[in-house]
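Spelled out, the chains give:
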Amino acid sequence: MEPWIEIIIIIATSTALAISIASMYIATRFHRLFRSFEASFKSKTLRSKKRKKRYLVFRIYRLDSNPSFEELDLCIREALKEGIGLLGMAETGVKLIRYNSTSGFGVLRIVSSYIERTIFSISRMRLCNNKKLLLIPLVLTGTLEKAYKKIQDYEKKYSSF
Amino acid sequence: MLYADLLTYIPLKEKEASDRVLSLYIMLGYRAIGIVGIDRVSNIGGLSIIPRVVVSDIDLFRPSRKVLVAFKPRSKEHARRAGKAKGVSTILFDRDNIDICDDEQIEVMRRSSTSLEVVISPLLDSNSMPRFLNRMEKCIKRAIREGVDVIIASGAREVEEIWAPGSIRSLCGLISIDHWNIIYSWVEVIRRWNPGLKL
Chain A
1 MEPWIEIIII IATSTALAIS IASMYIATRF HRLFRSFEAS FKSKTLRSKK
51 RKKRYLVFRI YRLDSNPSFE ELDLCIREAL KEGIGLLGMA ETGVKLIRYN
101 STSGFGVLRI VSSYIERTIF SISRMRLCNN KKLLLIPLVL TGTLEKAYKK
151 IQDYEKKYSS F
Chain B
162 MLYADLLTYI PLKEKEASDR VLSLYIMLGY RAIGIVGIDR VSNIGGLSII
212 PRVVVSDIDL FRPSRKVLVA FKPRSKEHAR RAGKAKGVST ILFDRDNIDI
262 CDDEQIEVMR RSSTSLEVVI SPLLDSNSMP RFLNRMEKCI KRAIREGVDV
312 IIASGAREVE EIWAPGSIRS LCGLISIDHW NIIYSWVEVI RRWNPGLKL
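So the protein lines, in turn, are chains A and B. For the record, in the first sequence the residue sitting at position 24 is 24 according to my numbering, with numbers rising by one throughout. Quick note, my numbering runs 161 ahead of the 1-based positions in the second sequence.
Because the hints were derived from the structure by calculation, they are not lab data. In this text, all values refer to a predicted model and were calculated from it rather than measured experimentally. Hints are not guaranteed to be accurate.
As the list claims (entries may be wrong) - Beyond 10 Å from chain A on every Cβ pair, some chain B residues (computed): (1) 175; (2) 205; (3) 257; (4) 274; (5) 323; (6) 356.
What the hints assert, rightly or not - Residues from chain A shown here face chain B by an in silico Cβ test under 10 Å; the list is partial: (7) 56; (8) 115; (9) 117; (10) 140.
As the list claims (entries may be wrong) - Taking lysine to aspartate or glutamate and the EDC-like style, the derived pairs with C-alpha atoms no more than 16 Å apart in a straight line are: (11) A:131 <-> A:78; (12) A:50 <-> A:78; (13) A:131 <-> B:260; (14) B:302 <-> B:257; (15) B:237 <-> B:200; (16) B:299 <-> B:319; (17) A:131 <-> B:322; (18) A:95 <-> A:78; (19) A:132 <-> B:319; (20) A:131 <-> B:319; (21) A:50 <-> A:145; (22) A:132 <-> B:322; (23) A:95 <-> A:71; (24) B:245 <-> B:257; (25) A:53 <-> A:2; (26) A:132 <-> B:321.
Even glycine gets a Cβ: it sits at the ideal position worked out from N, Cα and C.
Only chain B is shown next, with the shape it has when bound in the complex (with noise of 0.2 Å):
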C-alpha cells in the first residue's frame, strides 16, 4: 500500500540522523514523506522527499510549484480566503485552529479542490488529545462527506513523533472512517501539486 507522512519538521542536517530518519520511514513501509527545510524534491531507496513550506500569514500564502504549501490559517476569514487559492497547496489544521474547520470552510474547499491536511502530533497529549479527536472526527467527516482531499500527517518534530501505518489505519478506524479515503488521497494532491512527478 501506499502510505506517506506529508508534514514532518525533522532536520536532515547531520547525516547519520539523516539516515536513521529516512530508514524508519522506509521500514515503516512510506513511498512519500514531506519535509519543512528542504527546497528541492528528491528520491532515496524509494521514498520521495518532497519539500514543505508551512505558512500562517495570509499575506505570504502563495501557492507554488517548486513546493507544496500549506496554508495554517489563523482566523475563519484567512481560512475562507486561503481555501479559495487553487488546488495546489493545502489548508492546515492542528491543534491551534481545528474549530476553524466548520462546514463553510469545507464547503469554500470542496469548490476550489483544495485539500485539507491535518497533523495529529496533539492525539500524542494526554491533556489535548480527547478534545482534539473529537474535533478532527467531525473536520475529516464532513470532507470526505464533500469529497476533500484528507491528508492525515504527523507534524514530527523528533524520530519518536512518527506514527507506524497500521496506527493511522487504528485511528481511522476509532473515528469510523475508512482508511483507503485516507491511504490514497495524498497522491491526488501530489499529482495536481506536481504532475509530472514519479511516486
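Next up, chain A with everything else stripped away, as it sits in the complex (with noise of 0.2 Å):
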C-alpha cells in the first residue's frame, strides 16, 4: 500500500473516532440538558397547579347588632355550602382566621384557585343569625402579617365609619 494512502486512512480513522467521541459527549450532555429542561418545566407546572393560601381581609358593617366570631364562622360556612358547595368547600379550606366584632374587621383564609367564587358567596351573605350585615371584601394578601398589618391601616383609616 502507497505511503500516502496509509496516512489518509489514518486520518480518517481517526476523524471518525474523534467524530463519534464527540457525538456521544454532545448526546450525553444535551441529554442531560434536555432533562433538567423536562424537570424544571414539570416542577413549574406543578407549582403552579398548586393551590396557594390567600387571606382576604374584609369587614362586616352591621346593620343590627354584632355577630360573634364563632356566629360569623358558622354564616360563612353557611354561604359557602349554597354558593360552592360541600364539595367545593372540601377543596378551598376556607378558614375563619380572625374578626374582631368590635371593629367589624376580619382575615379569611381561601385558596389561589376559588378566589372570586368564596368572595361572591360570601359577598351575599345579608344574614347572620336574624342579625342584618354587609360583608365587605376589601383585599386580598399572600401572607397573614400583610393581612394583619392591612387590617391596623383600614382600623385607622376607618375609624369614623
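Since each chain comes alone in its own frame, lean on the hints to assemble the complex.
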C-alpha cells in the first residue's frame, strides 16, 4: 500500500473516532440538559397548579347587632355551602382566622383557585343569625402578616365610620 | 378607583337614614350613586347623587337631560324601539326581562350608543340567582364584545341590598369579564347624559 494512502486512512479513522466521541459527548450532555429542562418545566407546571393560601381582609358592616366570631364562622360556612357546595368547600379549606366583633374587621383564609367564587358567595350574605349585615371584601394578601398590617391601616382609616 | 351604583330606590327623606346610606356609600368607596325619587344632581362629601327615573311604558319613555332615564322594556318590540333612542339613557334589564337581552338587542344598542344597565339584586335571592347569573353573563359578554357601555347597578331598596365594590369585582371575575370594562363605563354614560357634570 502506498504511504500516502496509509496516511489518509489513519487521518480518516482518527477523524471518525473523534467525531464519534464528540457526538457521544454531545448526546449525553444534551440529554442531561433536556432532562433538566423537562424537570424544571414539570416542577413549574406543578407549582402553578398548586393551590396557594390567600388571606382576605374583610369588614362586617353591621346593620343590627354584632355577630360573634362563632356566629360569623357558621354563617360563612352556610353561605359557602350554598354558593360553592360541600365539595367546593372541601377543596377550598376556607377558615375564618380572625374577626374582631368590635371593629368588624376580619381575615378569612381561602385558596387561590377559588378566589372569585368564595368572595362572591360570602358577599351574598346579608343575614347572620337574624342579624342584618353587609360583608365588604377589602383586600387579598399572600401572607397573614400583611393581612394583619392591612387591618391596622383600615382600622385607622375607617375609625370614623 | 371610581365606583358608582347608578340605580337605587332607597328613600332619602329621613335625615338619619339618609346620612347612614350616604356615609355607607362613601365608606365603600363609591363616587356616584343614582337614586330614584330625587329631582336634581347634588354632591355630598365627594359623592355625586344623580336623579334617576325608571320607565316601563314605551309611550312615556323620553330621554331627558334633567334625569338619567332608564327604560325597562317589557317586550322585545319595546326594547328594540327604545334601543334606537339617542344615547342619553340606559336600557335596564333585571329579573323580569333579562331574557330580552339577546344579540339583536345589543346590535340595536350599539348603533345608537345606548347603554346597558343590569340590576343585580336578583343575585341575592337564592332561587333566582343561578338562572339570572347565567343570563346576565351572556348579556354582558355580548355587550362588551360589541362595545356597548355596561353598568352594573344594585337596584337596592334597602341598605342591606347594597353591594361593595369588591363584591362586584368578584362577580366580574366569576363571569370571566374584565372588571375594568364595568368600573369606568358609567363615567362615559354620565358624560354622555350631562357633559358638564363634575365627577
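Here's how the hints hold up against the structure:
no., hint, in the structure
1, 175, "15 Å, holds"
2, 205, "15 Å, holds"
3, 257, "20 Å, holds"
4, 274, "30 Å, holds"
5, 323, "7 Å, violated"
6, 356, "33 Å, holds"
7, 56, "9 Å, holds"
8, 115, "7 Å, holds"
9, 117, "6 Å, holds"
10, 140, "9 Å, holds"
11, A:131 <-> A:78, "15 Å, holds"
12, A:50 <-> A:78, "26 Å, violated"
13, A:131 <-> B:260, "34 Å, violated"
14, B:302 <-> B:257, "19 Å, violated"
15, B:237 <-> B:200, "30 Å, violated"
16, B:299 <-> B:319, "28 Å, violated"
17, A:131 <-> B:322, "14 Å, holds"
18, A:95 <-> A:78, "13 Å, holds"
19, A:132 <-> B:319, "11 Å, holds"
20, A:131 <-> B:319, "15 Å, holds"
21, A:50 <-> A:145, "21 Å, violated"
22, A:132 <-> B:322, "10 Å, holds"
23, A:95 <-> A:71, "13 Å, holds"
24, B:245 <-> B:257, "21 Å, violated"
25, A:53 <-> A:2, "79 Å, violated"
26, A:132 <-> B:321, "7 Å, holds"
Of the numbered hints listed earlier, those contradicted by the structure are 5, 12, 13, 14, 15, 16, 21, 24 and 25.
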